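Got chain U; can you put chains R, H and Z with the ligands on it based on the hints?
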Amino acid sequence: MKKLMNAPADFVDEMLDGLTAAYPASFVRDGESRRVIRRAEGARQGKVGVVSGGGSGHLPLFTGYVGKGLLDSCSIGNVFEGPTVDSCIEAIKLADGGKGVLRLYGNYGGDRMNFDMAGEFLEDEIKTTTVLGTDDIASAGPNEMGKRRGVAGIIYAYKAAGAKAEDGASLEAVTEIAQRTVDATRTIGVALNPCLVPGAAQPSFTIGEDEIEMGMGIHGEPGIWRDKLKPADEVADEMVKRLLDDAPKGRGSRVSVLVNSLGATPLEELLIVYRRVASQLSAAGTQIVLPLVGHYATSMEMAGLSISLCFLDEEIEALLRKPAESPFWRVA
Amino acid sequence: MKKLMNAPADFVDEMLDGLTAAYPASFVRDGESRRVIRRAEGARQGKVGVVSGGGSGHLPLFTGYVGKGLLDSCSIGNVFEGPTVDSCIEAIKLADGGKGVLRLYGNYGGDRMNFDMAGEFLEDEIKTTTVLGTDDIASAGPNEMGKRRGVAGIIYAYKAAGAKAEDGASLEAVTEIAQRTVDATRTIGVALNPCLVPGAAQPSFTIGEDEIEMGMGIHGEPGIWRDKLKPADEVADEMVKRLLDDAPKGRGSRVSVLVNSLGATPLEELLIVYRRVASQLSAAGTQIVLPLVGHYATSMEMAGLSISLCFLDEEIEALLRKPAESPFWRVA
Amino acid sequence: MSAVDLAALAGAVTRAKARMATLEQELNVADSRLGDGDTGVMLARVIDAMAGIDYAAQPDIGAALSLMARKTATATGSSLGTLIATGLLTVGKRAKGEPSIAYADLGAHVAAVVEAMAARGGATLGDKTVLDILDALARGIAGLSDGKAVASAATDACRTTLAEFRERPCKIGRARMFAEKSIGMDDPGMLAVHELVLAIAGPAA
Amino acid sequence: MSAVDLAALAGAVTRAKARMATLEQELNVADSRLGDGDTGVMLARVIDAMAGIDYAAQPDIGAALSLMARKTATATGSSLGTLIATGLLTVGKRAKGEPSIAYADLGAHVAAVVEAMAARGGATLGDKTVLDILDALARGIAGLSDGKAVASAATDACRTTLAEFRERPCKIGRARMFAEKSIGMDDPGMLAVHELVLAIAGPAA
Ligand SMILES: Nc1ncnc2c1ncn2[C@@H]1O[C@H](COP(=O)(O)OP(=O)(O)O)[C@@H](O)[C@H]1O
Ligand SMILES: Nc1ncnc2c1ncn2[C@@H]1O[C@H](COP(=O)(O)OP(=O)(O)O)[C@@H](O)[C@H]1O
Ligand SMILES: [Mg+2]
Ligand SMILES: [Mg+2]
Ligand SMILES: [Mg+2]
Ligand SMILES: [Mg+2]
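Read top to bottom, the protein sequences are chains U, R, H and Z.
Residues in the first sequence are numbered consecutively from 1, following the numbering used here.
Residues in the second sequence are numbered consecutively from 1, following the numbering used here.
Residues in the third sequence are numbered consecutively from 1, following the numbering used here.
Residues in the fourth sequence are numbered consecutively from 1, following the numbering used here.
Only chain U is shown next, with the shape it has when bound in the complex (with noise of 0.2 Å):
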């Protein structure tokens, strides 16, 4: 596993100082912890503000999601770790125009306690509140979905609660949709390849050179099973199935989708997968509106692909085809 990298200890600030080189119209690297990420034009007052936060090497997520329509504010951990307290601290200041913040990040041990922490610390100043993504279906069963981990699928509810902020909601009606979406929003994952942490000997996992993990998380954390590489469309009826099975009780029939490389799987092998899920989703007759297929929450360089269904209402709908605007991300 090689990277293009200088110190590993740099590699974290190094990407922060390349992300605000290449698009500074975009984002400022702000804070004393210098790991904030917030919209150049800064909080807009009379906003409620929408901060997330997260370990590094999952580009475009977390920071890339920041702009108008999605999140004001990002705070920045080292690679697969939690965000520092004092970065969380600086994010939800740095979010804040007087009507509160809300805390969307995904469900984490370290995020969360420093996420926590970080809202204690400032509870007399600012008011907040606390969304969780908890969208991976493969790490906890359907009778402990608050325990589930937080995946790509949390993007849903940045643009959701994104857009509801922008439309000038109130902090708990940001919270209610925040929680609305990622209560619609499943995922699954497979992996196929390992990635490397900077500076570590070895990956966070092996695997065999004809194997693959369904359900492995987006650190490497154990799947539900590994067997021999399947075709792909095999792969892609087990995943749909597993997430239909799964669906929200009352569930309407519109879905969006979003077919995501975790990192080396190219756009190719993700179009096949896609061609394979919207042909299943429409046989359940399901319809999908708004897909999303690319590079939308990565592990650096691991290989495989995460499936995520956010089933729709009106106003999640609605809210999803609502303007973004950031690097990664753009809704018109």
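Derived by calculation from the structure, the hints in this document are not laboratory data.
Wrong hints could be hidden among the right ones.
What the hints assert, rightly or not - Beta-carbon label-pair distances, calculated as ranges:
#	chain 1	residue 1	chain 2	residue 2	range
1	U	R330	R	M1	52 to 60 Å
2	U	G42	R	G97	41 to 49 Å
3	R	E211	U	D237	33 to 41 Å
4	R	A332	H	R166	55 to 63 Å
Computed from a prediction, not measured in an experiment: that's the story for all the values here.
Just so you know, even glycine gets a beta-carbon here, dropped at the ideal spot from N, CA and C.
For chains R, H and Z with the ligands alone, coordinates are given in the frame of chain U:
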């Protein structure tokens, strides 16, 4: 090397089915060969057509740049093979709006022969011109510019020619700006790991676990040197130096930069390299406008990246800034 | 010696840092079986940051521990790192202004750490986390005031608890889905405490 | 037998297809040294397509060759494949309506193929491509009308030319930058012709 695919022989067709399923508003698959992608809205009467084509395995290149302000249609070959003559004929016909068609594609033997033949077949029907992408400075010396291979930098010519055609310019003027943009563009790549052509028993090249190859082509054509992996800054410095040393005579001080993943190399590494490229260019008195960082021209799961510089004149810069609309490159 | 003073604290950090040379990889391997494989990388970085502190220059043991907490919190936002920061801050506050911590009080301090960590992380005893081994440690050394006795009670408590929990399923965090698969494996956080306590207390025991 | 008829053509394709079982990989390896490593994959596919033709059902040898050209052009747009299609179409047109091609005329047909390929691909003799080996072949068999003589002249010409050009640099295509590095290596297109001529003419020689 593992791939999520079905039968290797179906790789390209299933990929194209996925492409049109995911982006029905942008792409239509057409032609008896079924190997043409054209704009959903069809050719515009009275507009010069801009056609490209090439082997599969480079998405978003070439097909993904069909769209308003870019290409009108694209013929698609098997993985890493030129498009067939039939698909080239069909692509040209489908781009024809009565004002002639520019054939704009990479300088590879098979592509050239087939586009040439297609032009000959159609010579009584449609006026065609040819501009070849020849931006890869590692593929031939400056004394043999015309023999260089075409790689990622061709997208600048797509953009300039596409915008010019959209403006209602003549075939001659569109051809001229395409050639001028090619002449102003330089690319060099570095490869870390190979890719596998679907169905092939082995990757097209092998490389040591700690080696990189400078100047390697997008199909694995041999490069300039192979050596131990070096720090990203050192690699970037050499690439920038080679590009600047090869810069067109009388160039201006404004450039657009494209830092492009060959496939598996993640955005984090692209940004680390971009950061260094930007600082080196600025130290060389060059101003970057309209930078691009991401997956623009890949070789499936090949690891590595390429850097392209497009040396701008006033007209090229103005054309790059005009609107363009494809799922993979949008300028508003 | 009947108390942990600044010099003893510095010595403990030095021994922990030396142990990390090989422990880093062992913890990564343990975490990659159950989690994301980074416990060692993170802990090595945290202990490096602690080793950078000039302990002799600190006004008191409480201040030193609070500074260690601060350094930890700046170095990482990982679960274990954040819990360590929480624990250090807890004892730092309890020992504020004191020149040292008497061995006899150590057990109570560790019990307070367990409580603070449980409140912060939401886990409970029995979940197979650092909490369980720290809880056993607190109980094992409670009230002991002799250095050798503390050291041997500490290592005994860690050894027994690690072995006991090895045969139990993980109940929190990333290994949750695989509760049964986790049987027979050490929790990386518990393993870290076990190894570091042995490295620090070993010479004294 | 003094001519190539439909049955002989079918037989030649069958022998070529059999040879591809192992030649495919050999050509890929040769091409990966100088180019993009796909000569074998492509050629195997093309010859497969040719093997799918019902030769006995074709009206004449010219029609059969033109159909082979068409199948090739539909199967690939690669350099070599396109040149093969060009060559087949050239002979197909020249032999239009004929039941067979006399051995005595074969050399002239191959010479016409070389000319057509050079015009299409822009390479010249001496560049170390298929052109050079086909040119030598055309000259070697020119005027010979005996089957055995044709076969042995063909294999001789191919052998000598491959060996001779091995020591020369590539002048076109993807190996251009590495002209000197290509010394000592076989051009994959030449190698393909060499091996297939041996496979087809071998039994006759
Ligand atoms: N909520 C929690 N409560 C108590 N201990 C925890 C908790 N979460 C994690 N741990 C401990 O931390 C260890 C994992 O640490 P580490 O690998 O650094 O964290 P991360 O999960 O952020 O990668 C586990 O083995 C466990 O002992
Ligand atoms: N312009 C040309 N003229 C003559 N022969 C050529 C030309 N281009 C390629 N060839 C032949 O084709 C071979 C390469 O074929 P192949 O690998 O199928 O093509 P590609 O370069 O499209 O991958 C070369 O070894 C050479 O003999
Ligand atoms: Mg972690
Ligand atoms: Mg090729
Ligand atoms: Mg971990
Ligand atoms: Mg080739």
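Hints and how they fare:
Range check, R330(U) to M1(R): Cβ separation about 33 Å, and the 52 to 60 Å hint is violated. Distance hint for G42(U) and G97(R): a CB-CB separation of about 46 Å, consistent with the stated range 41 to 49 Å. Range check, E211(R) to D237(U): about 39 Å between beta-carbon atoms, so the 33 to 41 Å window is met. As the Cβ distance of A332(R) to R166(H) is approximately 59 Å, the hint placing it in 55 to 63 Å holds.
In summary, the structure is inconsistent with hint 1 from the numbered list given earlier, while agreeing with all the others.
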